[in-house]
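Please work from the sequences and hints to get the whole structure.
Numbering follows numbering that gives the first Met the number 0, with no gaps: position 12 of the sequence shown is 11.
No wet-lab data here; the hints were simulated from the structure.
Don't take every hint at face value.
Computed beta-carbon distance windows for the label pairs [as the list claims (entries may be wrong)]:
#: 1; residue 1: H81; residue 2: K123; range: 40 to 46 Å
#: 2; residue 1: F166; residue 2: V63; range: 40 to 46 Å
#: 3; residue 1: L25; residue 2: K127; range: 36 to 42 Å
#: 4; residue 1: Q84; residue 2: W149; range: 22 to 28 Å
#: 5; residue 1: Y3; residue 2: S33; range: 39 to 45 Å
#: 6; residue 1: L179; residue 2: I40; range: 18 to 24 Å
#: 7; residue 1: L23; residue 2: H81; range: 15 to 21 Å
#: 8; residue 1: Y3; residue 2: K123; range: 25 to 31 Å
Using 30 Å as the maximum straight-line C-alpha spacing, the simulated DSS-like pairs for lysine-lysine come out as follows [unchecked claim]:
#: 9; residue 1: K184; residue 2: K57
#: 10; residue 1: K127; residue 2: K170
#: 11; residue 1: K44; residue 2: K5
#: 12; residue 1: K36; residue 2: K57
#: 13; residue 1: K5; residue 2: K123
#: 14; residue 1: K146; residue 2: K5
#: 15; residue 1: K170; residue 2: K5
#: 16; residue 1: K5; residue 2: K32
#: 17; residue 1: K57; residue 2: K42
#: 18; residue 1: K123; residue 2: K154
#: 19; residue 1: K44; residue 2: K123
#: 20; residue 1: K57; residue 2: K170
#: 21; residue 1: K162; residue 2: K44
#: 22; residue 1: K5; residue 2: K42
#: 23; residue 1: K162; residue 2: K57
#: 24; residue 1: K170; residue 2: K146
#: 25; residue 1: K170; residue 2: K51
#: 26; residue 1: K184; residue 2: K44
#: 27; residue 1: K184; residue 2: K5
#: 28; residue 1: K51; residue 2: K5
#: 29; residue 1: K146; residue 2: K90
#: 30; residue 1: K90; residue 2: K42
#: 31; residue 1: K184; residue 2: K154
#: 32; residue 1: K44; residue 2: K154
#: 33; residue 1: K44; residue 2: K127
#: 34; residue 1: K36; residue 2: K123
#: 35; residue 1: K90; residue 2: K44
#: 36; residue 1: K123; residue 2: K42
#: 37; residue 1: K5; residue 2: K57
#: 38; residue 1: K154; residue 2: K170
#: 39; residue 1: K44; residue 2: K57
#: 40; residue 1: K123; residue 2: K170
C-beta: ideal position from N, C-alpha, C; glycine also.
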Amino acid sequence: MYIYLKRLVDIVLAVVFIVCLTPLFLIIAILIKSNSKGPIIFKQKRIGLNYKPFTIYKFRTMVVNLNRTEGQTLLDDSEIFHSGQFLRRYKIDELPQIYNILIGDMSLIGPRACLESTFREMPKWALKRFEIKPGLTGLAQVSGNIKLNWFQRWKIDIYYLEKQSFFLDIKIILQTFSVLIFGEKIKEVFK
Numbered sequence: 000m001y002i003y004l005k006r007l008v009d010i011v012l013a014v015v016f017i018v019c020l021t022p023l024f025l026i027i028a029i030l031i032k033s034n035s036k037g038p039i040i041f042k043q044k045r046i047g048l049n050y051k052p053f054t055i056y057k058f059r060t061m062v063v064n065l066n067r068t069e070g071q072t073l074l075d076d077s078e079i080f081h082s083g084q085f086l087r088r089y090k091i092d093e094l095p096q097i098y099n100i101l102i103g104d105m106s107l108i109g110p111r112a113c114l115e116s117t118f119r120e121m122p123k124w125a126l127k128r129f130e131i132k133p134g135l136t137g138l139a140q141v142s143g144n145i146k147l148n149w150f151q152r153w154k155i156d157i158y159y160l161e162k163q164s165f166f167l168d169i170k171i172i173l174q175t176f177s178v179l180i181f182g183e184k185i186k187e188v189f190k
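In structure tokens:
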């Protein structure tokens, strides 16, 4: 029941967000085009529910570099253009994933969508995190995110899978706003 209701909430909120945020999307598109040549939207293969690959969408925040190797990017990366740093700091670059939520590849809340290279290196115990859809935000993202190592993030993802509920989802959404305002800080999860 929870899964079906969660999907319904995802669809309704995705439609509301797309309608309400369209003017912001147009401003962001102009900002990206005025700061850097290349596409407005960045597409990348990720691994989702039940190990299924899908294309994730983000606002592009980096200069186009065809020779760049895939990996985690931090805010101080020299390839991030000026307005890209702002878009990343406030997670605005993630907003096109609302489309991923609408079409069913992602959920509003869940583990971070995984890069193929990270997936290939995961220990067997961490694969349990693929039993739920990846999320636009999630427990690991509001508990420290890039300040945590991969093993810590995967443990938090599995903890979320085992404890998921509407109450926990609401708590994560509220903590997401805190991260947007105050930045990422490591928080205790396993209490």
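Now for the hints, and whether the structure bears them out:
no.: 1; hint: H81 to K123: 40 to 46 Å; verdict: holds, 42 Å
no.: 2; hint: F166 to V63: 40 to 46 Å; verdict: holds, 43 Å
no.: 3; hint: L25 to K127: 36 to 42 Å; verdict: holds, 40 Å
no.: 4; hint: Q84 to W149: 22 to 28 Å; verdict: holds, 24 Å
no.: 5; hint: Y3 to S33: 39 to 45 Å; verdict: holds, 43 Å
no.: 6; hint: L179 to I40: 18 to 24 Å; verdict: holds, 21 Å
no.: 7; hint: L23 to H81: 15 to 21 Å; verdict: holds, 18 Å
no.: 8; hint: Y3 to K123: 25 to 31 Å; verdict: holds, 29 Å
no.: 9; hint: K184 to K57; verdict: holds, 23 Å
no.: 10; hint: K127 to K170; verdict: holds, 22 Å
no.: 11; hint: K44 to K5; verdict: holds, 24 Å
no.: 12; hint: K36 to K57; verdict: holds, 16 Å
no.: 13; hint: K5 to K123; verdict: holds, 27 Å
no.: 14; hint: K146 to K5; verdict: holds, 28 Å
no.: 15; hint: K170 to K5; verdict: holds, 15 Å
no.: 16; hint: K5 to K32; verdict: violated, 36 Å
no.: 17; hint: K57 to K42; verdict: holds, 7 Å
no.: 18; hint: K123 to K154; verdict: holds, 12 Å
no.: 19; hint: K44 to K123; verdict: holds, 21 Å
no.: 20; hint: K57 to K170; verdict: holds, 25 Å
no.: 21; hint: K162 to K44; verdict: holds, 28 Å
no.: 22; hint: K5 to K42; verdict: holds, 25 Å
no.: 23; hint: K162 to K57; verdict: holds, 29 Å
no.: 24; hint: K170 to K146; verdict: holds, 20 Å
no.: 25; hint: K170 to K51; verdict: holds, 28 Å
no.: 26; hint: K184 to K44; verdict: holds, 28 Å
no.: 27; hint: K184 to K5; verdict: holds, 27 Å
no.: 28; hint: K51 to K5; verdict: holds, 20 Å
no.: 29; hint: K146 to K90; verdict: holds, 15 Å
no.: 30; hint: K90 to K42; verdict: holds, 16 Å
no.: 31; hint: K184 to K154; verdict: holds, 17 Å
no.: 32; hint: K44 to K154; verdict: holds, 23 Å
no.: 33; hint: K44 to K127; verdict: holds, 20 Å
no.: 34; hint: K36 to K123; verdict: violated, 41 Å
no.: 35; hint: K90 to K44; verdict: holds, 19 Å
no.: 36; hint: K123 to K42; verdict: holds, 27 Å
no.: 37; hint: K5 to K57; verdict: holds, 23 Å
no.: 38; hint: K154 to K170; verdict: holds, 18 Å
no.: 39; hint: K44 to K57; verdict: holds, 12 Å
no.: 40; hint: K123 to K170; verdict: holds, 29 Å
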